[in-house]
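Colleague: We have chain A; now place chain B onto it with these hints.
In the order they appear, the protein sequences are chains A and B.
Taking the numbering used here, the leading residue of the first sequence gets 1, the next gets one more, and so forth.
Taking the numbering used here, the leading residue of the second sequence gets 1001, the next gets one more, and so forth.
No lab work stands behind these hints, which were simulated from the structure alone.
Treat the hints loosely; a few may be bogus.
Said to hold, decoys possible - No farther apart than 25 Å at their CA atoms in a straight line, the calculated lysine to any residue pairs in the SDA-like style are these:
hint	chain 1	residue 1	chain 2	residue 2
1	A	K213	B	Q1237
2	A	K213	A	G242
3	A	K74	B	H1021
4	A	K213	B	D1214
5	A	K213	B	A1225
6	A	K220	B	A1256
7	A	K220	B	E1141
8	A	K220	B	Q1229
9	A	K73	B	T1013
10	A	K213	B	D1142
11	A	K213	B	D1216
12	A	K74	B	N1045
13	A	K213	B	S1213
14	A	K73	B	Q1105
15	A	K87	B	P1106
16	A	K73	B	N1045
17	A	K272	B	A1226
18	A	K73	B	A1101
19	A	K213	B	G1140
20	A	K73	B	D1014
21	A	K220	B	R1254
22	A	K272	A	D262
23	A	K73	B	Q1107
24	A	K213	B	F1143
25	A	K220	B	M1219
26	A	K73	B	A1109
27	A	K220	B	G1198
28	A	K74	B	T1013
29	A	K73	B	P1015
30	A	K91	B	S1020
31	A	K74	B	A1109
32	A	K73	B	S1104
33	A	K213	B	G1218
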Amino acid sequence: MAKLILSMDGLVLKEITLTKERTTIGRKPHNDIQIDNLAVSGEHAVIVTILNDSFLEDLGSTNGTLVNGQPIKKHFLQNNDVVELGKYKLKYVNEQPARAAPADFEKTMVLRPGQLPRPDAAKTGVGASGGHPAPMAPPAVAPTAPSAAASQPVSLSQPLGAPAAAPAPLPVSESQAMRSVSTSQAVPTGATRLASVQVLSGANAGKEMDLTKPLTTLGKPGVQVAVITKRPQGYFITHVEGASFPVVNGKALDAQAHPLNDHDIVELAGVKMEFFFKS
Amino acid sequence: MNLSQALEIASCTDPGIVRSHNEDSIAADAARGLVVLADGMGGYNAGEVASGIATTVITTELQRLLEENPAHDHDPATGRSRAEALLREQIAKANTSIFQAAQSQPQYAGMGTTLVSALFHDNKVTVAHIGDSRLYRLRGEDFAQVTRDHSLLQEQIDSGMITPEQAKFSQNKNLVTRALGIDATVEPELHEYETQVGDIYLLCSDGLNDMVSDEDMGMTLQTLAANLQLASQQLVQMANDNGGRDNVSVILVRIAGDYAVPRGLLARFLGWLR
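Bound-form chain B, shown alone:
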């Protein structure tokens, strides 16, 4: 099933003001309903190698697998949709690739990447994330963060050591507790959500949410919803106007139409004709 009619995708990535090169990596495939964003880390160019491996492995492998295994299929092993298993497998594969590259080549030692990925299928979205790259959702007036960072800061907030207000001033923003490619295995966090027509999903690296407040992000999406590409550029520009200390990447996905899998006999027949 081709989702390019139902999903509108815009993206923008920028090295920011301070850094000389971009260690973020993004990929989007509207037809298959897949978006991937990775924020690499590690010395001398290794960060962009790690994030590049993550986005490439996940998109190319999923593009191939989704041909034979529709994401909405029921997975008898887990009792959930196949999307979750597919994403989990490809993340594991990307993790192994990065980990092995880091082990075998000294200049890549210690490289890793955060990841946030969304796979849209059957009026649902499966979200996987590792580290502090985020997914937000704008539904009507409501703009909210969907993923929860795997970071020291988030753990401190959860354990009540500091309040979210104090967190804005914390110096520990840069410490993530999970990352892709650091160890032989990784545990991604996966969740499935229902989507509604009109929803806008925002995937971003910490270069955006560290520099631009959630309110400003939500307001920008609401104001510029009519022009998604402009909205993504505006968000990057706001991050840069506020200092642009890190690479900034944004992917926006608007649910433009219904993309439920045809289920009735007639609908299936029409779907087959298409």
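Next up, chain A with everything else stripped away, as it sits in the complex:
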């Protein structure tokens, strides 16, 4: 469990364990961590903790919040980070076996001529991709999670066990899952059930087309074309070209992508077709 050590002028005042999802810091008494000093704003900052990860956010304080000497608005706390509010220091301690690499290790860096890549950078890289224990999100499982995809778009954070309301950006669990995706360069469409489109009217009536590719176009080029995209969340239909927009279940679409559900009827360039799941 992560904790904060509050100190001033090198004198330890308090130790706080981060148990709550939101830990507020400020001068006013209702804060979880009250620091009664005029340099600290009434509601100065908040720490949001999701599983093992904590995020510090400055709440528009007058004098700002520093992490390791840098002013921050939002910050993903790393073990041994020192948060400064005025004269007060809060040390973030979160010791875990096989802690994930710092979130930004893969940021682009410049390599000057004659300079070898920093050995520690290389090491963190290998460590992150190698046998990572993945405490909360087995990466291999995430992309194949049995998403009932098309009928109910699932947000990426759900199969990882994070609360659905969690802020979208960056719990480390997500980036871990992603690392495995990117190394294989696999399009994670494997997660989506196989679906098909069957033509119901016109010359090609009865014809069936499996939607195996990430993108499948329908219609007549130059007249009216729509595309069905296969995404981890399911299948979506989008207008590509032509004066009129595709019609789904009797309703014309706008320029936005529209999710397709089992047995939806699509009308395009005067041809009716049915979208359905095969398995």
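Modeller: The following block gives chain B in isolation, referenced to the frame of chain A:
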């Protein structure tokens, strides 16, 4: 000469899934045939400052200079078209601006940016790049990478240390060997290519090509060629669906028509009338 009839441009930029802010910067001017994409780096917001300076300096300066110096003019000094000299000068200027800002303001120390820029003129395109932002071209069925990254990985591939297949799994993807604004001078790589009507040029930051395979990029362009804006959004969406670990930026340029400089007497007269 106004190229907005001959060039169709669409672009899309997105912070991605993991990062909270966008350090990429893009600019496009269809009338002058200029597109610029920069992927900034450096701590605490400095990356977007660097990429912002790069795109702003290059576009505003070139917009001004192109009024008086048509890009297709022959440059007696180099024996090549003026576009190359113009781009080279403006890149040097942007480099100085970023370098000086980084030197004078401690919060910007060490910032820099990659760059890929294309200037279209007289049925040709002059491409300048620094770092690992790329330009690809779709011509007919053929989708190919035009620029070669200035990165450790590319150097390893070139020297035969690793194969392109192994490179996909490399952990050194993030190390570039050249960047704008890191040193007092920079050496951009410039090349000129003939264009054909129907070509689609794709400029992107590494947030796209790290997350989406070249085959998928090419297929998306072919499938959605009819709607360039949708294609650019689709590419960004694919990068995000695959993880979106970095900022993603895409600029697409389609050669919709011929834009050769009128050369005959009559053509020049008609051009003058226009």
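Colleague: Where does the structure disagree with the numbered hints, that is, which hint numbers, in rising order?
Modeller: When the structure is compared with the hints, none of them turns out to be violated.
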